[in-house]
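**Q** Full structure from sequences and hints, please.
Number of protein chains: 2
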Amino acid sequence: MPDKKPLKQLLMIPGPTPIPTRILAAMNHEMIGHRGPVFSKILAEVIDGLKWAYQTKNDVMVFPCSGTGGMETAVVNTLSAGDKSLHVNIGNFGARWIKIAKAYGVEAIDLKVEMGKACDPKVLAAELAKDTKKEIKAVFMQQNETSTGVINDVKALAATVRQSHPDVLILVDAVSGLLAQDLRTDEWDLDVVVSGSQKAFMVPPGIAAVSMSPRAWKAYENSKLPKHYWDIKTQKKFADKGQTYTTPPESIIFGMHEAIKMIREEGLENIFARHANNKDIVRNAFKAIGCKLLAEDACASPAVTAIFPPDGVDAEKVRSEIRNHFGVELAPGQGDLKGKLFRIGHLGYVDKLDLIAAIAAIELLFEKLGAKIEIGKGVKAALETI
Amino acid sequence: MPDKKPLKQLLMIPGPTPIPTRILAAMNHEMIGHRGPVFSKILAEVIDGLKWAYQTKNDVMVFPCSGTGGMETAVVNTLSAGDKSLHVNIGNFGARWIKIAKAYGVEAIDLKVEMGKACDPKVLAAELAKDTKKEIKAVFMQQNETSTGVINDVKALAATVRQSHPDVLILVDAVSGLLAQDLRTDEWDLDVVVSGSQKAFMVPPGIAAVSMSPRAWKAYENSKLPKHYWDIKTQKKFADKGQTYTTPPESIIFGMHEAIKMIREEGLENIFARHANNKDIVRNAFKAIGCKLLAEDACASPAVTAIFPPDGVDAEKVRSEIRNHFGVELAPGQGDLKGKLFRIGHLGYVDKLDLIAAIAAIELLFEKLGAKIEIGKGVKAALETI
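Taken in order, these protein sequences are the chains called A and B. 63 is the number of the first residue of the first sequence in this note's numbering; add one for each residue after it. 63 is the number of the first residue of the second sequence in this note's numbering; add one for each residue after it.
A couple of the hints might just be wrong.
One copy or any two copies: either way a pair holds, since identical chains are not told apart in the list.
Taking lysine-lysine pairs in the DSS-like style, the calculated list, with each CA pair at most 30 Å apart, reads [as the list claims (entries may be wrong)]:
id, residue 1, residue 2
1, K164, K303
2, K298, K430
3, K280, K67
4, K164, K299
5, K349, K323
FYI, nobody ran anything at the bench for these hints, they're computed from the structure.
**A** Pasting the structure below:
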């Protein structure tokens with residue numbers, strides 16, 4: 063076990079992800095007039111690229127904020143106090159959207175699913191069936207739940223909503239899921255989709271993007287929640303002239319501009335396949351080591367995997383020791399899962415060999431912390447999955 | 063007059079300002095765990111530096127957003143719907159704070175001052191005197207009004223408020239004013255002060271900082287406005303453990319970290335003096351050219367100057383032509399002033415010779431656009447002011 067301070071960091075958290083030097087270089091750029099023609103052209107190309115990634119012809123607007131700001135934008139532009147919303151809640155970010163809705167006086171129904179599972183469309187159908195008076199105005203869901211490493215079947219859930227509630231709004235938090243797995247905004251009839259720069263786009267945090275369907279724009283006209291910074295009609299007015307309402311984080315926009323080029327070069331199908339393979343590498347490795355995984359195979363996230371350490375090994379100890387000995391940065395469990403498991407992020411600019419290295423270091427550390435495991439089994443399974 | 067595309071840009075807008083290469087280099091940094099010890103240390107040092115710049119011992123919290131987000135944070139954390147607020151309104155950003163307050167149902171009184179003038183403390187005193195029932199809960203003001211290039215005497219205005227309304231909240235938008243001119247948060251008893259990274263801190267846009275006095279925290283406990291993203295108590299809870307509530311724009315934090323070092327090296331007094339000299343250079347030059355300036359000397363901004371072009375010269379034409387011929391980026395008039403004047407930003411990373419160059423280019427352009435001026439008079443006056 064190396065006992066010197068590690069030379070390098072290996073960042074394996076589910077966002078911010080490592081940043082390609084091409085993107086860092088693009089960000090290393092002087093400031094320009096954010097209301098001038100050069101910036102307008104760049105912003106327009108970023109928005110075109112976002113639409114391509116969203117698979118949509120809907121409007122997509124960009125806000126200076128983190129992903130949570132995008133989630134708040136979705137709420138305040140579509141609902142009014144006293145409205146009923148239904149929240150598919152499979153983890154911490156599902157719970158966060160409920161908190162946001164409630165903070166604004168929305169009557170948020172919590173459709174809570176056991177941690178580590180996706181929402182079964184039948185469970186959603188049953189909950190919607192209770193709404194005989196058709197009072198529910200919006201259904202919120204995560205595409206990928208970062209806290210548990212579980213991905214919802216958004217296509218099936220959206221179809222379920224449309225069957226009983228054809229005109230209800232469907233709002234999707236795709237912050238950590240977009241690009242990691244297929245998401246078809248138009249084909250699946252999703253009204254509002256939220257994403258962020260710091261996940262599979264491989265750009266530092268700083269902007270959120272929010273799409274609005276014609277149905278969402280109609281809801282905007284009836285929405286009475288107070289709004290100024292998040293007012294998406296104001297944002298759209300400025301977007302139409304190639305600007306943002308308030309001063310944009312130019313560096314992040316420059317980074318997104320380069321990122322859009324990179325993801326167009328790679329192609330959506332290849333990006334999805336890469337993330338799916340990352341998921342399989344990690345899962346097969348830790349299964350071979352003998353670890354329990356929080357998510358079942360059927361709903362396992364292509365972006366992040368939550369792993370219980372072997373018996374007797376403390377998850378937080380794994381995180382601090384692996385940082386000290388190997389420079390590997392892992393994510394903790396969130397909420398009730400804190401201390402019980404750790405998470406490996408494998409989205410964005412993460413390559414197979416990054417995963418092999420992380421798995422090797424974790425194996426070694428498990429042994430050092432007293433687990434009875436056979437060193438090398440995880441790496442072998444990973445190599446066989448590449 | 064050069065007719066080839068300019069080789070370089072000379073950015074002379076009032077934010078974002080040019081970025082020193084030291085800061086760009088610090089931002090050109092890999093992502094790290096934003097809930098890990100390395101980031102916590104950096105964030106703590108940024109917050110310490112902000113407190114130094116604010117001249118305060120109050121809490122200062124950092125949000126991922128533009129300056130307007132900081133203004134919204136100030137409103138939603140201190141007031142409730144139906145509360146009365148008084149707004150010193152000397153331009154577009156004064157008007158914006160009224161819009162934000164009204165969006166949340168606050169009864170905002172508009173103390174509108176003629177464009178180009180600061181608010182006379184006597185006018186404020188007279189307005190406060192009307193509030194015999196002491197219903198006003200908060201007084202909002204800009205330190206520096208970016209749209210007109212006017213600086214308020216915050217010290218005198220705050221003292222005026224305290225005389226008749228000792229316990230009322232004083233909220234100051236110092237986004238474009240902080241560091242450009244002295245602002246003493248504690249000595250002048252200012253409850254909430256808002257700033258942004260992209261002004262005199264010389265960092266790209268992406269974060270706003272908001273200070274809270276004990277009086278402001280007390281108001282927080284009674285504030286009923288809906289909030290989640292902007293909830294400053296949540297932000298404080300995370301700040302206390304060296305984190306931000308939602309994912310921070312790490313690149314901007316890295317930039318602020320280097321900026322704090324630079325401004326500490328230069329010292330507050332030197333920074334104020336540099337900006338005051340910038341103001342004098344620009345004003346003396348354009349007076350010598352024969353231009354009318356929007357602001358009078360007594361309330362002229364150290365950060366930005368609004369200039370009427372000579373008779374017969376179109377302000378928007380100046381902006382587009384100088385961009386095409388010389389690469390100089392000027393700011394337009396805002397609101398009613400659009401097309402009537404242009405603005406030169408001279409805050410942040412702007413040196414005397416940048417100003418000389420911009421003045422020279424503008425002189426040449428004025429002549430080309432038909433103004434009867436003597437070329438060189440502006441530059442001469444500028445050189446004599448250095």
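**Q** Which of the numbered hints above does this structure break?
**A** Hint check: 2, 3 and 5 fail, others pass.
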